Every structure is written in C-alpha cells, then in structure tokens.
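Read top to bottom, the protein sequences are chains A and B.
Each residue of the first sequence is one higher than the last, beginning at 12 in the numbering used here.
Each residue of the second sequence is one higher than the last, beginning at 7 in the numbering used here.
Hints in this document: simulated from the structure, not taken from any laboratory.
Warning: the hint list may mix true and false statements.
[Stated by the list, open to error] Only some residues are given here: those of chain A computed to face chain B with a beta carbon under 8 Å:
1. Glu20
2. Arg25
3. Met26
4. Ile58
5. Gly96
6. Phe215
7. Ala261
8. Phe264
9. Phe268
10. Met271
11. Leu272
12. Lys407
13. Asp411
14. Val426
Since the structure is predicted, the reported quantities are computational estimates derived from the model, not experimental observations.
C-beta: ideal position from N, C-alpha, C; glycine also.
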Amino acid sequence: MSKQTAKTEQWGSRMGFIFAALGMAVGTGNIWRFPRIVGSNHGGAFIIAYIICNMIWVVPLLMMEMGIGKSTRLGAIGAFRDFYGKKKAWMGGWITWVCAAITFYYAIVFAQAMRYFVFAVQGSLKVGMDSQALWDGFVSDPVQTISFQFIAVAIMGFVLYRGVQGGLEAVGKIAIPLLFICLIGTSIWAVMQPGAAVGLKFLFVPDWNAFFTPKVWLNALTQAAWSAGAGWGMMLTYANYFKKNEDIAANAFMISFGDMLGAMLGALAVLPAVFAVAASEGEAMSALGAGNVGLTFIYLAKLFPTIPGGNFIAMIFFFALSLAALTSIIPQTEVVIRNFVNAGYERKKATILVCGGCFVLGLPSAINITFLNNQDWVWGIGLLLCGLFYALALYKFGVDKFRREIINSCSDIQVGKWFNYAVMFFPVLLTIVVGWWFYQSVGWYPDSWWNPFLTESLGTVVFQVGLTIGVFYMANNWLSNWVTSDKLMTEGKFVEAVEEA
Amino acid sequence: METTTLIWMILMLGAILGPFIYFAMLAGSKEKTKTEE
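Chain B extracted, bound-state conformation:
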C-alpha cells in the first residue's frame, strides 16, 4: 500500500471515528453521573 493511501486512510477514518467516540461518550456520560448520584 502506498504511503499516501495509508495517510489518507488514517485521516478519513480518524475524522469519523474520533468524533463518533467523543459524542458517544458524551451522550452516554450523563448516565454515569446519574448512577453516581
């Protein structure tokens, strides 16, 4: 696999996976707070 392909693959997947994990954790986090309360 060419280096350019690898770099673009990491960039594209990161641009989607990163925000997904962040927002999923944010959406689920209030449950944790509520449980602690």
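So here's chain A without its partners, still in its complex pose:
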C-alpha cells in the first residue's frame, strides 16, 4: 500500500457512509424541483419514466464514479490523470470547477432555505401577507442575503474542517434521519388535508397517453441527472475513503433509490397540499409552473399559514429544506477540498481556503438573483457534460473490463452486461437531452439566443462552458503536476501490475 493511501481518511462505518451518501443525493432538488416537475408532467407517467432513467443514467454513472475514485484514491483531477491518462487531468479539473461553480450559488440556496425557516420561527408567514413582497424584500437586501450566506458557508466549513469521520459522517448520521422524519411528518400532514386526494390521484395514477411523449422522458432524464448528484465528482471523492471491500453495485442502487424516495416524500409533502388549497386544478398547475423559487418561497410560504397547524408545518418544511441543502453542499465542497489535499495542502488549511473562496465567489449570486439564475442554468448543462467525461474514461479503460474487474470484484450483486450498453448509450442520451434544452432556450429568446449576456440563453452556456473548458485544457500540464499524492494507477493500469510487467 502506498504512503498516501495509508494516510487517507476512511469512513468509520458502512452506516456512516450510507447516511453521508444519502445526504449527497437527497438535496433541495428533491423537495422543490421534483414536486413541480412531476406535477407538470402527468404525475404517475413521469414517475415510471423517472425510475427507468435512474437505472440507465444515474446507477451506471454512480458506479463509474465509485469505481474510478476507489481505484485511484484521488480527487477528480488526479483520478482522471491516473485513470484516463496524463493528458486528461483537465477533465477532472473541469468537473471540479463545475461542482465548485454550483457550490458558489448553492450556498445562497442554503441561505434562502435558512432565512425562510427563520421567517417561520419569527411568525412572519401569516394569513394575508404578501409573500411576493417578503421574497423581494429579502433578495433585494444584500445585508440579509450576505449575512445568511456567511452563516451557510460557516456551517459547511465547520463540518468539513472536522474531517471525514468527525464531520461528513457525523452530520449525515444526524441530519439524514432528521430530514426523513421531517419529510414524512410534512407528507402525513399534507395527505390528511381535505381535498388532498385530488393531488394524490394526480401524483400516482399514470396517464398512459403522456407516458409515450418525449417531453415526459426528457424531463425525467434531466431530473434524474440533476437530482442524485451523479457526475458531479462527489461519489468519486467519497469513494476515496472506501474500505477495500466496499460494495460498489449495492451502494449505487441504494443511493439512486434513496434519492427517489426523498423525491417522492418531497412530492407527497407538496402536491396534495397545493391541490387541497388551490381553488381549481388550473390554479394548482399555475403554482407548479411558477419555478422552484415561485413554488417554494412564494406559493408555499403563502399556503402554509392558511391551513390549521400550517405555521408549525412551515417551520418543519423549511428546516427540512435547509437540512437537504446542508447535506448536499458538504460533499460538493469536499470535491474541491480533496484536490487541494492531493496537492499537498493540510486538510484544515484547504478547508479554510476553499470555504473562503466559496464565500467570495458566491457574493455575486448573493447580491444579484439574476446572476444566480444564470449560473444555475449554465452549470446545470455543464453537469450533463461531466457524465460524458466519465463515459469517455471508461471507453479507454474498457467498459466490460471495468464491470468485471472494478465493480463485480467487490460487489454482492454481479452487474450484468446492461451496464456496458448503458455506458455505450451515454453520448446518445447526452446529445438528446442537451439538444432539447438548447432547442428550448432558443425558444425563450428567438431573436437573441446567441447573446452570452442573457440569463438563460444558449449563448451564455456556450460562452461560459467553452471558455472554462478552454482554460482547463490549456492548464492540463500544470494540473497534472499539481497533484502530488502517490499514484495507485497510471494511464489506466494499476501501478503494481506495471511494476510486475
């Protein structure tokens, strides 16, 4: 065993890892995006498509991440350098950048959830209040947004500073059971509301005509790709801390189904309540079409106080949303910290450096909500591209070899050749999904889709993604030499095998 591996921190227990991994997967997307998307895509039909998309995109991608992370025991930059090749370190660098760019604004999302929890505790959410004015007042006040951003970054920094067992694992063991208890409690409350049956019917009974429409499948694939945290480099990083016999296949399935369970609980907490309170199905659909922020911070904030016990439920709901954000932002930041540790930085120093950077680079999103929306749009697309990089790395290594030697060698379930087909199909799926989003964005700005300065234009994605890919590609050699930890692999071959040959 190399010197670096011997020093690498490890998960203290399997349960500790399971909770931390569930924390990574279950985020705000499960609570504020899934209910909205399932509601606007014919409920039950969407859920079936969503389960299938998880199996063909999320599970294989999580297996790829875990396999590469466990084999190299390095963060994304070193992992791509050693697993894919010395000329590909930039891909790991770009994946780290995408994760970091999301973290910059995700701290604001965490801050927003915390602010609304505080609003609920203060009793600011009451019948007849103007929820739009409350939201506008908060996001247009930099003192408030930056203060809550600072608290968010400080909390995540405190957890990460304590390391793998004392920080990531300890928080997961408390936060995840608490999050699920909150979601289950809110769901039970929502389902018991008079008129909730309409929402339940909408959520669960499939509309088979819709099931065969491309829109349902494209939304299902996008939700699956964004929700479970596959492709961000988080599971690659967490796999660095695996024990030798950690089961890749069981963990990948467990994380994917855990994410879906979190999403279903989110939908059960939101949809029946929306349908119960809305005057008509049309009004409910209009609330679901109001976007993540519109549904959560404007519609639900107004809805909760109108129902008996709603104030207390609002507190629980926004507390759950804050926990979901916390358990997701921790692994996102860990992706960046791990690379600094691999470059020789002491963990505590790396944590302070990275968290400080996250705070400073998140300020534009804290001050300007339009900038946050722009970053969310650009790096959401960037995230889909990350999945392609993992697939390319596997094509070089050998997809079937990876399945047999990396996954199945340590898994109770033997993964079949379906994995090979799913990985080979990745570029096709990616082209379809990204192409669809680009087509939509052209529709949003028919005359100025090329303009890189518009919030959600095609031009802004091409400009920012293209620019950063260019920068990381140019910096490949520097990145490759920056990571100084001992190598377990080189050019996709285990060092021991190379030495023996």
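Use these hints to put chain B onto chain A, whose structure you have.
Frame of chain A, contents of chain B only:
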C-alpha cells in the same frame, strides 16, 4: 380516496421503497459480517 389511486400509490411507493430497503441492507450487511468475524 379512490381505490385506483390507492392501488397506484402502493405500487409506486413499493417500487421505490422496496428496492431501497433491500439495497441499503445489502450495502450495510458486510459490516455485520465483519463485526461477527
């Protein structure tokens, strides 16, 4: 609540909760073996 809704609710939740419990137990089970060893 209509019977159809109830049946689909049980089916959908079962299709997600069932595999989750199975895989979570599988992922956690090796720890038990190791402890016994």
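*asked:* Using the nearest Cβ pair, does Phe268/A come within less than 8 Å of chain B?
replied: Cβ of Phe268/A sits 4 Å from chain B, so the hint holds.
*How about Gly96/A: closest beta carbon in chain B under 8 Å, or not?*
At 32 Å from the nearest chain B Cβ, Gly96/A fails the 8 Å test, so the hint is violated.
*Does the CB of Lys407/A sit less than 8 Å away from some CB of chain B?*
This interface hint is violated because 29 Å lies over the 8 Å limit.
*Answer holds if the nearest beta-carbon of chain B is closer than 8 Å to that of Met271/A; otherwise answer violated.*
5 Å, holds
*Measuring from the C-beta of Asp411/A to each C-beta in chain B, is the shortest one below 8 Å?*
Since chain B brings no Cβ nearer than about 23 Å to Asp411/A, farther than 8 Å, the hint is violated.
*Do the numbers back the hint for Glu20/A, that is, is its least Cβ distance to chain B under 8 Å?*
18 Å, violated
_Does the closest beta carbon of chain B sit nearer than 8 Å to the beta carbon of Arg25/A?_
Given a least distance of 4 Å, the restraint on Arg25/A holds.
*Under 8 Å, Cβ to Cβ, is where Ile58/A needs to be relative to chain B, so tell me if that hint holds or is violated.*
6 Å, holds
*Is the hint on Phe264/A kept, meaning its closest Cβ partner in chain B is under 8 Å away?*
4 Å, holds
*Can we keep the Leu272/A interface hint, with Cβ of chain B closer than 8 Å?*
Hint holds; Leu272/A Cβ to chain B Cβ min 5 Å, cut 8 Å.
_Status of the hint placing Val426/A at chain B (closest C-beta pair under 8 Å)_ = Given a least distance of 13 Å, the restraint on Val426/A is violated.
*Report holds or violated for the interface hint on Met26/A, using the least CB-CB distance to chain B and a cut-off of 8 Å.*
Holds - the Cβ of Met26/A comes within 8 Å of chain B, reaching about 6 Å at its closest.
When held up to the earlier numbered hints, the structure conflicts with 1, 5, 12, 13, 14 and fits the remainder.
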